[in-house]
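All chains should be modelled from the sequences, with the hints used to inform the complete structure.
As a plain string of letters, each chain reads:
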Amino acid sequence: MPIDPKDVEWVEEPPMNFWESTFLPAVFDGLRTTGNHVTDFHPVTEFYPEQKPNLPTQYRGVHRLNRDDKGRVKCVACMMCATACPAHCIDIVAQDAPKDDPDWADRDKFPKSFVIDELKCIYCGMCEEACPVDSIELTSIFDLVGLTRQEMMFDKEKLLSVFDQTKDSGKDPIRTHKGKLGHASDFTNLHTLGPATAVRLDDRAAKAESAGVIE
Amino acid sequence: MLEQLINMFPEWARPFVMPLLTIVIVLQVNLGVCSYLILLERKLSAWMQDRIGPNRVGPWGLFQPVADMLKLLLKEDVIPGHVNKVLYVLAPGISVFTTMLAFAVVPFGPVPDHLSSTDGQFPFIIAPGIDLGLVFIFAVTSLAVYGIILGGWASNSKYSALGAMRASAQVVSYEIPLGMSVVGLALLTGSMSIEKILLKQADAGILGWNIWFQPLACVIFFAAAMAEAQRLPFDLSECEQELVGGWHTEYSAMKWGLFFLGEYTHVITISFLTSILFFGGWQFPLIAESSSNYLGSTLVKVLVLMTKSFGFIIVIQMLRWTIPRFRFDQLMGLAWKVLIPLATLNVVTVMIVKQFQLNVWWLLPMSAGLFLGAGLVGTQSTRPFARRKTEVAVEPHGHHAHAH
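These protein sequence lines map, in sequence, to chains X and B. Just so you know, this note's numbering puts 208 at position 208 of the first sequence, and the rest follows in order with no gaps. Remember, this note's numbering sits 1000 above the position in the second sequence when you count from 1.
Hints are computed from structural coordinates only; laboratory data are not their basis. Hints may contain errors.
Unchecked claim - Cβ-to-Cβ under 7 Å is the rule here; a few derived chain X residues that face chain B:
hint, residue
1, Phe-41
2, Val-44
3, Thr-45
4, Pro-49
For every residue, glycine included, the Cβ atom is placed at its ideal position computed from N, Cα and C.
Structure below.
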């Protein structure tokens, strides 16, 4: 369907004045601008491999798995990150914490294996947002290379070693609850939260005294 | 010394010694200069854009051209399966050959009088004594478009074909103002020989340079020559944003490099021609007059000419990073509506001066008048949008019929 001529708004270019229509002054004007950049030279280039960029602290690079104060992996294998991940790049196998070990008395589960496919990851930071114990975090490491795809599958040990490498570098401080597990594990009694949406009255979860505590 | 060199050869070979020596020197210098001009252009563009430019290979990146050349030579030379092989391989060769051939009649130093090929004088020109030098150059450089058209057509790709079509239309259009702009010079000098045009200016001193009599022709020549060499802002034929790479989309490795060698040789030729035709060639007050005959004066003259040409090369490269590319209709409009009429009128002014035997200095105000007149016409000319607007205004009935 042709456009109604009434709806067309013709944008009139401003009429050229005398010197503009001779073109040459504009050319010399442009040459002066570019020439000034040459004579008054302030490069903004960074010499990358020698000179690392000064990234903001919220930069989202390679993941790490934080350790708690006992040096254990902070992760409680709750699968929140794997669920939140839009790229489905996190693969977690959970295992029950050893019952008879007093060191593990405060923990129910821990990840037996925790693999992130760094090639699939889109570095959106959703996992970091989802993690209830501040275990998974994105560091400012951005220059990640590998010779094979297998190398880019980061397992638990590798992610923990990223934590060991970056925790003292200054760029990636441990952001919350240093030395402690996150709130989800640190407390045994949590206040009952009101349901976010309307629920049926006979819903047992809505009546529970404490949310999210495993007996 | 050169005479001894010539005498080492048998009698029949002696006339060929000096030309071959000159060709070898020109070719080698040209290749070296071209590769370093590419480095200069990259550096210059970097400086203009507040970058640093190539600086990894050697000190300040000075060995970058060597690395580039090695890369081009060692890269896999892909010939796509869908091309016309003969023309595809031939095209870069034509492109380089024609631009190199054009340089044959360009003097790059003080050409000695009474030159003979056996007396051991270095000629400073590959083909001395060609009276139709100007015509030769325009004939040969417009042949360079054959390289582009053949390359684009043989590539059997739409981008290449479009680039080649644009290139041919552009070169054909700009050939006219290019030729017309130097007709005035030929009339003023009474010769089409580039050496004679140079000598006349050199004898007359700095106030005899043609730029004083033909400033408008100089601007037209420079613009048209840049269009002829497919340099920005006239590089519609390679036009990366629209045509990938234009006519050289399907080319790789050294074949691609040859196209650019041709382009840069063309730029060098243009710069030499501009400084020879309009800026007195090797003449410069006090240090390089036509009468100066001191020791090393020949070298100084060569250096003066090189410096002038280098200045124009810098201007061409700076223009590339300053002015945005024309739209194709603007490009054609510039050639047909502006440059060709102006060049023609410029020839008419020269004819008037010659016919009525006026002082040649009358040409300066006449050129200025033409230039300003063109500007005045430019302010008055109807723009396409304004025309469309009036067309829209006269058909409200059509709209009425559609609405029901």
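Do the hints match the structure? See the list:
{"no.": "1", "hint": "Phe-41", "result": "holds, 6 Å"}
{"no.": "2", "hint": "Val-44", "result": "holds, 5 Å"}
{"no.": "3", "hint": "Thr-45", "result": "holds, 5 Å"}
{"no.": "4", "hint": "Pro-49", "result": "violated, 10 Å"}
The structure fails hint 4 only (numbered hints given earlier).
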